Amino acid sequence: MTHLSNISNAQQPSGMPIERYHPFVPVDLPDRTWPTRKVTRAPRWLSTDLRDGNQALIDPMTPARKLTMFDLLVGMGYKEIEVGFPSASQTDFDFVRQLIEEDRVPDDVRISVLTQAREDLIERTVQSLVGADRATVHLYNATAPLFRRVVFGVTKDECRAIATRGTEMVMKYAEELLGDTDFGYQYSPEIFTQSETDFALDVCEAVSDVWQPEAGREIILNLPATVEMSTPNTYADQIEYFSRGLTRREHSAISLHPHNDRGTAVAATELALMAGADRVEGCLFGHGERTGNVCLVTLGMNLFSQGIDPQIDFHDIDEVRRTVEYCTQLPVHPRHPYAGDLVYTAFSGSHQDAIKKGLEDLERRAKDSGVPTSEMPWEAPYLPIDPKDVGRTYEAVIRVNSQSGKGGVAYILKAEHKLELPRRAQIEFSRVVQARTDTAGGEMTADAIWDVFSSEYLDREAPLKLNSVHTSSAAGERDQLSVNVYVEGELVSLTGEGNGPIAAFVNALNELPQEFDVRVLDYSEHALSAGGDAIAAAYVECAVGDQILWGVGLDANIVTASLKAVISAVNRS
Numbered sequence: 032m033t034h035l036s037n038i039s040n041a042q043q044p045s046g047m048p049i050e051r052y053h054p055f056v057p058v059d060l061p062d063r064t065w066p067t068r069k070v071t072r073a074p075r076w077l078s079t080d081l082r083d084g085n086q087a088l089i090d091p092m093t094p095a096r097k098l099t100m101f102d103l104l105v106g107m108g109y110k111e112i113e114v115g116f117p118s119a120s121q122t123d124f125d126f127v128r129q130l131i132e133e134d135r136v137p138d139d140v141r142i143s144v145l146t147q148a149r150e151d152l153i154e155r156t157v158q159s160l161v162g163a164d165r166a167t168v169h170l171y172n173a174t175a176p177l178f179r180r181v182v183f184g185v186t187k188d189e190c191r192a193i194a195t196r197g198t199e200m201v202m203k204y205a206e207e208l209l210g211d212t213d214f215g216y217q218y219s220p221e222i223f224t225q226s227e228t229d230f231a232l233d234v235c236e237a238v239s240d241v242w243q244p245e246a247g248r249e250i251i252l253n254l255p256a257t258v259e260m261s262t263p264n265t266y267a268d269q270i271e272y273f274s275r276g277l278t279r280r281e282h283s284a285i286s287l288h289p290h291n292d293r294g295t296a297v298a299a300t301e302l303a304l305m306a307g308a309d310r311v312e313g314c315l316f317g318h319g320e321r322t323g324n325v326c327l328v329t330l331g332m333n334l335f336s337q338g339i340d341p342q343i344d345f346h347d348i349d350e351v352r353r354t355v356e357y358c359t360q361l362p363v364h365p366r367h368p369y370a371g372d373l374v375y376t377a378f379s380g381s382h383q384d385a386i387k388k389g390l391e392d393l394e395r396r397a398k399d400s401g402v403p404t405s406e407m408p409w410e411a412p413y414l415p416i417d418p419k420d421v422g423r424t425y426e427a428v429i430r431v432n433s434q435s436g437k438g439g440v441a442y443i444l445k446a447e448h449k450l451e452l453p454r455r456a457q458i459e460f461s462r463v464v465q466a467r468t469d470t471a472g473g474e475m476t477a478d479a480i481w482d483v484f485s486s487e488y489l490d491r492e493a494p495l496k497l498n499s500v501h502t503s504s505a506a507g508e509r510d511q512l513s514v515n516v517y518v519e520g521e522l523v524s525l526t527g528e529g530n531g532p533i534a535a536f537v538n539a540l541n542e543l544p545q546e547f548d549v550r551v552l553d554y555s556e557h558a559l560s561a562g563g564d565a566i567a568a569a570y571v572e573c574a575v576g577d578q579i580l581w582g583v584g585l586d587a588n589i590v591t592a593s594l595k596a597v598i599s600a601v602n603r604s
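Numbering (the numbering used here), first residue to last: 32 to 604.
Any given hint might turn out to be false.
[To be verified] Here are the in silico distance ranges between beta carbons for each label pair:
no., residue 1, residue 2, range
1, A471, S503, 26 to 32 Å
2, E320, A192, 25 to 31 Å
3, H557, G294, 46 to 52 Å
4, A237, D139, 28 to 34 Å
5, G562, T93, 50 to 56 Å
6, G276, E133, 41 to 47 Å
7, A471, Q342, 46 to 52 Å
8, Y517, W409, 50 to 56 Å
9, E199, D347, 44 to 50 Å
10, G576, D347, 53 to 59 Å
[Unchecked claim] Straight-line Cα separation of at most 25 Å, PhoX-like style, residue types lysine-lysine; simulated pairs:
no., residue 1, residue 2
11, K449, K419
12, K110, K187
13, K449, K388
14, K398, K419
15, K419, K388
16, K449, K398
17, K445, K398
18, K388, K398
19, K445, K419
No wet-lab data here; the hints were simulated from the structure.
For clarity, every value in this text was computed on a predicted model and none was experimentally measured.
Backbone N, C-alpha and C fix where the C-beta goes; we use that ideal spot for every residue, glycine too.
Throw the hints in and build the complete structure from the sequences for me.
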């Protein structure tokens, strides 16, 4: 990173032991081409929720929960699913057998199982797949120098031999036990990103020499960021370097398995796809060891948001989330991309105002184009996708707290109650709401906002309450109005005339001994729905004495609604 010396910085040394750590050594790839490429289609996906995800849970899934998760993944459209580590536990072995014996795997879905490179474990793993229609054995061994030296105490040659010997054992037992199975093979140089890239490539070439990939007999070479240790561009460099050097590339699927230790697994995956990878392994909502595997939901929805079909169905993202939460017994964070409770929600007043205007603009453009809003190209401030495309509604998009402004409050009144407050009325009511939230703190729900609106504008009955109205007018003449009004609890009959019922009513009010001194400054109205029996909403801005106040009236009769709005303003004075 380049620091500009003329930029002031008041920060001080942290005192943390930074001398214990060293930067990651990048790949020497000056002619990299991936930065100019684009991802234009979905990769092959593999879900490892039932293996990597499950093994990292506080309480691993019960068999029933595993079946629920498997059915969810199948229903969403995943065609490759890693279903367990059958040599590691009887529970995993039994689950694989249950899927096969109960014929739970659809014809177009391939299950995968993981094994270490020991003969007894490989044999047990292959035994778990007997009777499967389509299955892949995934073999791995660690290739990183730290693991070779500290964990296994092996040389490079011995490490390579573990991989090739393991591959031979997989082929041997598959031939003996899986004669009727469409059998596939996957190899992972575990800790790939911390391995010497040339050595990892060398091991994969040796494994391919054993497997002999060809047309109709691919090999999956899975290159894990088992522990994320570098910036995403470094992973992309490693993938491009590996892909360039690999022989039999056309028969080899380069697969990614990124973890999220640095919080950049999604970015690393997307850049590595630009670098030429074909396949991605991950978990729904990023479950997995430590900080988790890359999130398949985020990756898929990122593609969707760019107009690329993820080939996975997220149309009811809340159902996906609920099912995963049930299976894992862990909550999805409320700010998790695309699926969290708050990700389509705005509290900020300026954000709410922009969203409100954006949604209204979308509706206008759809109407002008003569197409449903759901078919219009999506474009709205602060919302990367239409929440309705993943099963959400707009009701939760705007929520009100002490940071909210007129836009959010107005949007909720329009969305929930069809009220289209004039701009100055929006400002006035937002101040009322702001005063409540400043006092009480926390969020105001849509119901709470309506309660405040009703008590402020609709429910006040003192000093005035409308009882009955009669109006008449003749061509070219002023309107005449007779009205019965409760004034401070006493029923009073008023008459007045003016240029319209509102003017006539105001003139009559101003004749009362209470000296209300009312002047109308602005007026608007609209129907809350179509049809002859629709309720009308009237908004009147009045000067009442030295105060400027809005009033609101609702009634099936527009004249009555207008007079109620005047009374509303007077009662608020």
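Legend entry - Hint check, failures only: 1 and 12
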